[in-house]
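Student: Residue numbers (the numbering used here), protein chains in the order written: chain R, 1 to 423; chain X, 1 to 202.
These aren't lab readings, by the way, just hints derived from the structure by calculation.
Predicted, not measured: the structure shown is a model, and the values here were computed from it.
Among the clues, some could well be false.
[Claimed, not checked] Simulated restraints on C-beta separations:
#1 K55/X <-> I281/R: 48 to 56 Å
#2 I73/R <-> E167/X: 14 to 22 Å
#3 R233/R <-> Q132/X: 19 to 27 Å
#4 Y327/R <-> E187/X: 50 to 58 Å
#5 D16/X <-> R266/R: 28 to 36 Å
#6 I230/R <-> T169/X: 56 to 64 Å
#7 S72/R <-> Y191/X: 25 to 33 Å
#8 G334/R <-> K55/X: 23 to 31 Å
#9 E187/X <-> I413/R: 49 to 57 Å
By construction, the Cβ of each residue, glycine as well, lies at the ideal position given by its N, Cα and C atoms.
The lines below spell out each chain.
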Amino acid sequence: MDCNKFDYNSSLYIDGMLSDNERKEFEKHIEECSDCAMALKNLQTIVGCLNDIDEIELPSDFNTTLRQKLTSIEVPKEAPIKKTFSRATRHWKGLAAGLVILVLSVAAYNGMNFPEQTKTAQEDLAYESAPASPQESFDFNTASKDNVRTLEPTVTGLDLKNAPSYTIGIANEETVEEARLFGEADAVDSSMKLIHQGRLRIETSDFDDVYGEVIRTVDQYGGYLQHSEIYYRKIFRDKPEDSIRVASLSIRIPGNDFMEVFENLRGLGVVLNHNITTTNITDQYRDIENEALNLEIQEERLRDILEKADKVEDLLRIENELSRVRYQINNLRGTLNQYDKLVTMATIDLELEEVKDSTVRLQPVQDGIWGKAKANFVNSVNTIIVIAEKGFIKTFALLPILILMAVIATSAIAIYRLIKKGR
Amino acid sequence: MSQEEISLVEKTRQGDVDSFEKLIEPYQKKAYNIAYRMLGNVEDASDVTQEALIKIYKSISSFQGNSKFSTWVYSIVNNTCIDFIRKNRKGNVIYLEREKDNGDGTYQMEITDNTNTPEEILDKKETRHMIQDAINQLNQEHREIIVLRDIEGFTYQEIADILKCSEGTVKSRISRARGNLKQLLIEKMRYEGRGRNGLQQI
Chain R
1 MDCNKFDYNS
11 SLYIDGMLSD
21 NERKEFEKHI
31 EECSDCAMAL
41 KNLQTIVGCL
51 NDIDEIELPS
61 DFNTTLRQKL
71 TSIEVPKEAP
81 IKKTFSRATR
91 HWKGLAAGLV
101 ILVLSVAAYN
111 GMNFPEQTKT
121 AQEDLAYESA
131 PASPQESFDF
141 NTASKDNVRT
151 LEPTVTGLDL
161 KNAPSYTIGI
171 ANEETVEEAR
181 LFGEADAVDS
191 SMKLIHQGRL
201 RIETSDFDDV
211 YGEVIRTVDQ
221 YGGYLQHSEI
231 YYRKIFRDKP
241 EDSIRVASLS
251 IRIPGNDFME
261 VFENLRGLGV
271 VLNHNITTTN
281 ITDQYRDIEN
291 EALNLEIQEE
301 RLRDILEKAD
311 KVEDLLRIEN
321 ELSRVRYQIN
331 NLRGTLNQYD
341 KLVTMATIDL
351 ELEEVKDSTV
361 RLQPVQDGIW
371 GKAKANFVNS
381 VNTIIVIAEK
391 GFIKTFALLP
401 ILILMAVIAT
411 SAIAIYRLIK
421 KGR
Chain X
1 MSQEEISLVE
11 KTRQGDVDSF
21 EKLIEPYQKK
31 AYNIAYRMLG
41 NVEDASDVTQ
51 EALIKIYKSI
61 SSFQGNSKFS
71 TWVYSIVNNT
81 CIDFIRKNRK
91 GNVIYLEREK
101 DNGDGTYQME
111 ITDNTNTPEE
121 ILDKKETRHM
131 IQDAINQLNQ
141 EHREIIVLRD
151 IEGFTYQEIA
161 DILKCSEGTV
171 KSRISRARGN
181 LKQLLIEKMR
191 YEGRGRNGLQ
201 QI
């Protein structure tokens, strides 16, 4: 055995991980080589010290803070649901990507009038995705009413649910009309909690007017701008009036008026993209609400017990439990409030793009593969020429510096030679 | 895994926090100690241990039962520590990378190895005094293995399970880590000795 391998084996030797043969060989080597024996002793000292290190105790508040963190997170059983959901969206993404590729390839195949084509294709898609929009707008009216109802701190929610719909609708004659039209079947739907989200891309030539109109519409319906950004997509410094602007707005409007406002906005220009998403959170909402109610009942009961308890130990335990319950209730109520906000105020993301009349896209004549090949050929030749020109110009630009450097270098060499000769 | 643990895991999956606490109770202290030795201070250790335990709670449904529950827990604790170290690594931390692998399981020190000078340098009392410092100076790969093997006393097989590598790798890593630690301690003692006694020892 050589001393190189010794380092590796000495560690295993300490832990008793060597085979019998290896161990005998190792022990023999130690007797022969005093250096290695010393090294082993050092290593043993270190390992001994490490083994001697005592465990430290957990901090005293470790379990309480852990408990808090654990109770504030979601139940783990929700994880698999999320998984299937993301798998589903993955499928949709794939489908959507496939459609886009299909549309693009068809458009490209048909030649140069490609912007026109995608525009209509996108609109078609948008319409397909929102077939039930009138129905949704109705549901929404009633849903938000229900929302007002649930905000009232009553436990008699069940009675209200069974009450005839016209008693609720007094505040708004229109909804009464609608409720009658849709009849009894919608008494069930009236408690739906729906979150509306819309996305819209519009092209217009009078940007300022349309932007003003958007702001006016938002004001009129009692909404607000959550986010607004205007930037230049193209800037022509010599001809500022030709610059192209884009506005990106995030608008919040009352849920009832969602469809109306959306239609209004659609009318403001050429629609490039249109998308409505409605999420039904009724089930989650009810679950959470029930859970909160149960906990509140539990809280009541705990308070009763607290009154009766006389032992300090019991008191402490009950109070602990009480604070835990209160914490959960607050959590659930917070989520409900968040949902209420999302339901009462719908979100519309609006992108407004400016187009210039003069720059309205020209439709080139269909000129087939040859034409395109020719155009590309000319393009490449042009690029080569441009590169050559630029190279030439750059060399000229560098010339003064080169000359200056040459002068400095020659004079430096001359001086150096002079000094050398002088010596 | 005992019958009791299996039923606790099952209850935890259904969201029972009490069962989870009972389940991890026996492992908490060791987990905390691993984190403490890995990170070198109590606050971070407490935070990271809790983070790891929450991760365990959330991902309990992914625990297959084909490894021991304890090694699964400790491997998550260890990984969380390493994530934490990576996230908080400051620019000025330089780890000692002084050995290179010869490819056949043995290794060589790139710097001349002073351990073979025939004098007993390491004194037990002094070593104990400096050891945590020295551990903190090891790179994380070596630190974790020293913590698991020599401080927490896991067997080679358990370490292989926790780190998800082969036992052979564990063997060579332990040897290297200890070699490195020895080197560090010797240098420290020389330095301190010099500080105390001027340049006498050289």
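Student: All the hints need checking, so say for each whether the structure fits it.
Tutor: Right, here's what the structure says about each hint:
1. K55/X <-> I281/R: 48 to 56 Å: violated, 28 Å
2. I73/R <-> E167/X: 14 to 22 Å: Hint violated: Cβ distance 36 Å, outside 14 to 22 Å.
3. R233/R <-> Q132/X: 19 to 27 Å: Cβ of R233/R to Cβ of Q132/X: about 59 Å, so the range 19 to 27 Å is violated.
4. Y327/R <-> E187/X: 50 to 58 Å: holds, 52 Å
5. D16/X <-> R266/R: 28 to 36 Å: violated, 51 Å
6. I230/R <-> T169/X: 56 to 64 Å: holds, 59 Å
7. S72/R <-> Y191/X: 25 to 33 Å: violated, 48 Å
8. G334/R <-> K55/X: 23 to 31 Å: Distance hint for G334/R, K55/X holds at roughly 24 Å.
9. E187/X <-> I413/R: 49 to 57 Å: Holds: the Cβ-Cβ distance is about 51 Å, inside 49 to 57 Å.
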